[in-house]
Every structure is written in C-alpha cells, then in structure tokens.
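Protein chains: 2
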Amino acid sequence: MKPIKVGLLGLGTVGTGVVRIVEGHQTDLQSQVGSPIVIEKVLVQNKSKARSISIDPAKLTEDAWDVIHHPDIDVIVEVMGGIETTRTYILEALARGKHVVTANKDLMALHGPEILAAAQENRCDVLYEASVAGGIPIIRTLIEGFSSDRITKIMGIVNGTTNYILTKMSQEGAAYADVLKEAQDLGYAEADPTSDVEGLDAARKMTILATLGFRANVALEDVDVKGISAISREDILYAKRLGYEVKLLGIAERQDDYISVGVQPTMVKTSHPIASVNGVYNAVYVYGEAVGETMFYGPGAGELPTATSVVADLVAVVKNLKLGVNGKQELLAYKEKKLKTDEQIASKYFILLHVADRAGVLAQITQAFAEHEVSLESVVQQPNPNIPEAEIIIITHDASKAAANRVLNSFERMDVVKTVKSVYRVEG
Amino acid sequence: MKPIKVGLLGLGTVGTGVVRIVEGHQTDLQSQVGSPIVIEKVLVQNKSKARSISIDPAKLTEDAWDVIHHPDIDVIVEVMGGIETTRTYILEALARGKHVVTANKDLMALHGPEILAAAQENRCDVLYEASVAGGIPIIRTLIEGFSSDRITKIMGIVNGTTNYILTKMSQEGAAYADVLKEAQDLGYAEADPTSDVEGLDAARKMTILATLGFRANVALEDVDVKGISAISREDILYAKRLGYEVKLLGIAERQDDYISVGVQPTMVKTSHPIASVNGVYNAVYVYGEAVGETMFYGPGAGELPTATSVVADLVAVVKNLKLGVNGKQELLAYKEKKLKTDEQIASKYFILLHVADRAGVLAQITQAFAEHEVSLESVVQQPNPNIPEAEIIIITHDASKAAANRVLNSFERMDVVKTVKSVYRVEG
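Here the protein sequences come in this chain order: A and B.
Taking my numbering as reference, the numbering of the first sequence is continuous, increasing by one, and the terminal residue is 1033.
Taking my numbering as reference, the numbering of the second sequence is continuous, increasing by one, and the terminal residue is 1033.
Calculated from the structure, these hints are not laboratory results.
Keep in mind that a hint or two might mislead.
Remember, identical chains collapse to one label, so a pair may be satisfied in a single copy or spanning two.
Said to hold, decoys possible - Under the rule of at most 20 Å between Cα atoms (straight-line distance), these lysine to aspartate or glutamate pairs were calculated in the EDC-like manner:
#, residue 1, residue 2
1, K940, E628
2, K927, E826
3, K933, D633
4, K940, D633
5, K942, D633
6, K945, E667
7, K874, D1003
8, K758, D633
Chain A with its partners taken away, still in its complex shape:
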C-alpha cells in the first residue's frame, strides 16, 4: 500500500479539478488501484495567490524542476498548457522514468510522435485523454473500443466556444459579432478568440483524433482549416429552411488508405445525430466499416469534466505500474500517411449566389456545373427584396473539392454572377 506520488504541473482550472477529484474520490480510487494516490508537489506561477481549494503550502513550488526532479514522484500530470517549455519539461520527466498524463492538445498535436517515441524509449506511459473533448473518453474509444474495426470517418464538434456561438445564432437568429461578445462576457470565449473562432483549436484536436483513428501520423499542417467568423445570419436561416444546422465540424475521412482532414463550417442535416449537439457540448461521430454509425457526447471543457479524464488516465498509469507494464503500448501510427488530393476529397456543397436578374441566367449557371461534371441535387432561384439581384441556392450531389473549385472559379469569369455569397460543405 505504498502511496503513488503525483507531481502536478499547473494549478489553474483543470489542475484545481484534479486536486478536487483525487481528494474527493480517494476511497474509490484506492479501491480500484490498491494504493493511496497522493499529490506530492504542485508547480504554480505564484505561491501566494488565493485559491478555491485548500492545499498544503509546502507542496507548492514556483520551480518546475522541484516537481520534475522530485525523487519520489512516479507520475507527472501536466495541466499547465503551453508548448515549448512544456515539451522540455515532459521530455525531461520521461528521461527520468516518470510517467506523464497531459491535457495538452497543442503539445500533442504538434509534438505527439516525438513525445510518444520518448515514452516508449524510456518505458513510460504518456496518456492524454483530456486533450480532446474534455470529459468524453474518445481517445480510449478509438484506441481500444474500435481496435478491431477500420474507421473511415470521424466528425467532431470539438470546440465548445464555436458551438455555443453557432447554437445561439441558430436558436435566436442573432448575429455572429453579438453572440461572440456575449460569449466573451460569459467567459465561454477568450478576449482574443482567434484560436477558437478561426478553427485552429479544432484543427489541433482533429490532428490527434485522425492519427488515432487512422493509425497514421497526421500533422497539423495536413488539416485544411476554415473558421466561423464569416458565417452570416442569412446562411443559418437558409440552412434551417432547407433542414440543416450550421456546425463547425472537424471531418477526417479515409478511403483506400488515403486520408483527408479538414475543419470547416458545415451544413448538417437535422436528422443527423451530430446536428442536435448544442451549446458548449462536444460530440465525436465515428463511422467504422464494421460498426457503422456511433457518436460520443459530453462536456468538452470545464474544471471537473476535463479533470475526470486526467484522473482516469492517472488510474490507468497506476494500474500499469502495479502490473509492471508501463510503456508497453505499441506506437499506434503503424500506417504510412497518404493524403487525398483535392480531386479525391468529395462532399456535397451548398452554394449561395447573387446573380443578375434576367432571362437565361439559371441556364448559364447550371451549365457551368455540368461542364465541370458536378451534378446538382437541388436548385432554387428566388427573389430577395433586400438586394437588386436574384438569389440562387444550389445543393450539389457529391463532388470533388477540385471540381467544386473549378466551378467557383468559372463564376469569376461570368458577368451574370455578381457574388458567390456562401459556400458550405454539406453532411447527412
């Protein structure tokens, strides 16, 4: 019953949650792992800061090496965030044979392969369930639950801030800028919201999910990213009329071992399970060749949800310690990465055009699609009293991204097309 000693890097929101759960659930944790779990040392920025939890001041330090070099500490829990410094800390911890649990999506998206290789070399565990979709155990699910299957598609609402904004825009008909402001006031969005609203945060999480799902090292630069800042109220209104919700989806797809990963605003058919994931909630939809459609739903952030995943990883590390099998997880990325070209990436598209309001225009437009072999599911031309032009709303059948771009480029050379107002990927 020798206690397992944990070093905590960071005592912000998630770190506080980790302390709360390790202390509050100690009896249950001990029943599972057979030893007490003790938080031995905690790296903080300022030892004298007031905190919402009571913690022995002797455990706090402002020097990371007090934690990482502590001889009695078995496991480092990293919840401080950041990239370069944190990477140094984690590699040093691994070099000293300490296991690592991290909630750091940025680090894992950028340096995952290096860190996992260092873990294997030092026979250490590195677990990172909390790095994607907070409280949803999606990383375990991809590694273990679907170990037997060939996953062909992962679609994720993996950023709560943007889902909150889009939900509000959809439910209240509000404008993007107003809802963003409100989200900032409520603390759901950062003062500088760029990383969330431009899709970068989601792209990092999709890098991790695609790597696990497809067993190939997907890199952040492989992800095609578009954010939500250009979404208008009208787009959402038109989407709803046609039976869609606009969601910021991370979409990773595989076909014949060729993969693509993108993050973009997407119109999702309301009957699709991911369309009704609202507010700050996250969800990951996984399609496997054998299992078919599955979806995993839960809180994507927050003190206790994220800490739940961190401490579940800690329990897994301790169980491995007891069995003497840390660091035995084989590297999962055993497949060579082959990226799809734009000719191979296919989806349906929603396209909203403002066009000259005169005879023959619709024929010219549809001819452009035909020339590039993009077939159409539906075409609606309608007057819009707010603009001098006519409006055309087109939903295509599955078309390659390359072909869709060729059509859109051809509009630039057509006098009758005044504006390509919106282009969305369509799912479901």
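Position chain B relative to chain A; hints supplied.
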C-alpha cells in the same frame, strides 16, 4: 509471431461477423497485437448447413469439447447464447486456463459474479463488451473512462426492438400491435417477442451496466421491470403535445450509495439527448458527479457491430497475453449493494385519469395529491369527445415511488375517478 488460436462457440449472426472481421482486418489486427489471430475450431449445430462465409470444414465441429479442450486454443469466443450449458462450457474453459470473450448478456446478468470470480481464480480474462449495446464500447467506458468519477445515473435505450416499435408509433401514429407485426416481418422482433417487449432483455443489460457503474453486484431480481405492451397511441400523442417522447428506458440511480434500477416506459423531454435516439439504435446516457452529462450512441445489435465489440475484446485479451497480465483486472464490485426503498426512489410522474365530468372533481383529485405530499407541476383538465368522462393530465414534481403509489391507491376508493388510464415516469 506464434499465432494466437481462437475457439469459436457458435456460428450464427455474431459468430459469422467475428469470422469476417478477424479475416478481413487481419493485417490491421496483426499490426496491433504483433501476431496472427487464427480461428482454429468452431462449434456449430450442423456441420453441413450452408453458410454465407467460406470456412474450412475441418475447423467445424458439433462437439463443444473439441473446442474447449483443444490444447492449442488460447481464447474461447462464446457467441452461441443460452445460459446453463454455456455457463458449464465457460467455467470449464476457464478451469483449463483459456481466456473468454462473450457476447452473452443473459449469462453475464445471471452468473456474472461467479464467472468473473472463476476467471480471477484461474488468472484468465473474461471480457464481455458485446453483451450490452452491441457496437457501443460502453463497458470499457464505465470501467476505464470513468474510473475516476462517481457515476450517479445511467439511463439506457438498450433494446433496439422496442425502440424501433416506439419510434414508429411516435413518427407514424401507429398502434402497438401493428408496429410489432411489422417489426416481426422485418426480422427486428422475434416470433415470441416477450423478452424484448416486456423489458426483460433491457433489464439484463441494466443489471450489467449498474454493476459496472456503481461497483456493486446488482442482480437481475433487483430490477423493477415494466414493458411496452400497454402503451397506447393516445399516450404517445399526449406525450408529444407536452414535449415528450415515450422511450423504454433502463434507469439506474445512486444516491448516498443507495441504488435503484428499473426498466419502464418513460416520457423523456424532447430536449434531452436520449429523446432523439430513434429506430433500432441504442444509447447509454451516463451522469457522473464530476463529468456531468455524457451519452454514447450506436448500433445495439447486428452481425458486424456486435462482432466489432467481440473482436475488440479479443484484441485486448491478446495484448494482455503478450504482456503476461491476463486475469489481473481486479473485481470491480467492491461496494456493498444497498437498494433504495420505494420511499427513496424519486421521479416526476405523468398520470392520465378519466374522471366524472362534474363540478368539484378537480379539487378532489388535487386534494389527494396534497394529502400524500406530492406536489404538481401541471394539471390539465380537458373534454374528450370519445369518452363520456372528462380527462385529467397531471405531471407531478419529483415524488417518491411510494407516495405516488399511495396517491394511485387512493384513487381506487374515489367514486369520481373512473380509470387511471396511464402512469409514466418522466425524465428531462
């Protein structure tokens, strides 16, 4: 690279799926576990039966002991179903040191503790992910994903047949008997549908989920069961008008270590994520003190979805074999089981009454609730041209099951109450 040899008990729907996945995904499986996985021997009822897969006839046997006593077989995969004979086979396999993967909910619900104890005694793995909710990795999620949390509620749509019937009744306004007939014609319901429609199948699955979620050995007889055969079109219509869907929910709850488990038709607020789980799909909603609301959605049955879970368990057994750590999973049921009394089980109720259509009746009815300290959320009295009486629809606030029963019993002594037409638990 010595191959891992598997003995398969049963070559019906799921067994066929297991063969397909093990053969079709062999390269991927080998990349993960480091050895070929070979299905060495298969128990069938009739060796000469025509099959949809090609399999070496020399591997087939009609004698279970050819599989269980086979000296080279490391793992037994049991997908034959049944209880007593199967229990004998599995205990014998464990006594011979063979690991077991089973999809058998009946067996695990009735004899789980005995089988898991035998596994531990013989240092063998017994894994049973496929026994609940087919392709959804919910057992792993409860054991590992939420190891750090205290789960307080599990609500499951864990029977696809009844969910198909209720979905059709809701979407098409059809009657129970007609939809059941249609489900039987489509192969979604058995010729004798009792086990599904009376809630017994769901009760067995809830026994397994509650045991895992609450870490206490819940027995089948602890589950209070009511099926769907008495649900009328009118009930569903009224539910929809009030913003609810009727679902057959398994509900397991814990409060201060006292637990209750029931399966019953429940009115679920349409805004609740489980309300939109339709058709033959399954979903398990899990509420944890720390993580909050989560839900896991996917196919609950079918050849390949169920086989996905079986083969994922097989991969886990083989990984444990490589590490030499089989049978080291500590028994999870470390908590003493304490069942809630009817005084402790609380929920909202929907009650539909046919009452005498005269002055003062509503006062008498509401007085009965007040006497038993059940407070009301809403009361609607309305004429119904199809009946001579008046109709009263009541939704209560949270009330104990005992108090609700006292109210219902008091109606039997009241002349003005002609019929207690329907009573539903209400969630969301």
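For each hint, the structure was consulted:
no.	hint	result
1	K940 <-> E628	between (41 Å within a copy, 19 Å between copies)
2	K927 <-> E826	neither (39 Å within a copy, 36 Å between copies)
3	K933 <-> D633	between (26 Å within a copy, 18 Å between copies)
4	K940 <-> D633	between (39 Å within a copy, 9 Å between copies)
5	K942 <-> D633	between (42 Å within a copy, 15 Å between copies)
6	K945 <-> E667	neither (47 Å within a copy, 49 Å between copies)
7	K874 <-> D1003	within (15 Å within a copy, 36 Å between copies)
8	K758 <-> D633	between (37 Å within a copy, 17 Å between copies)
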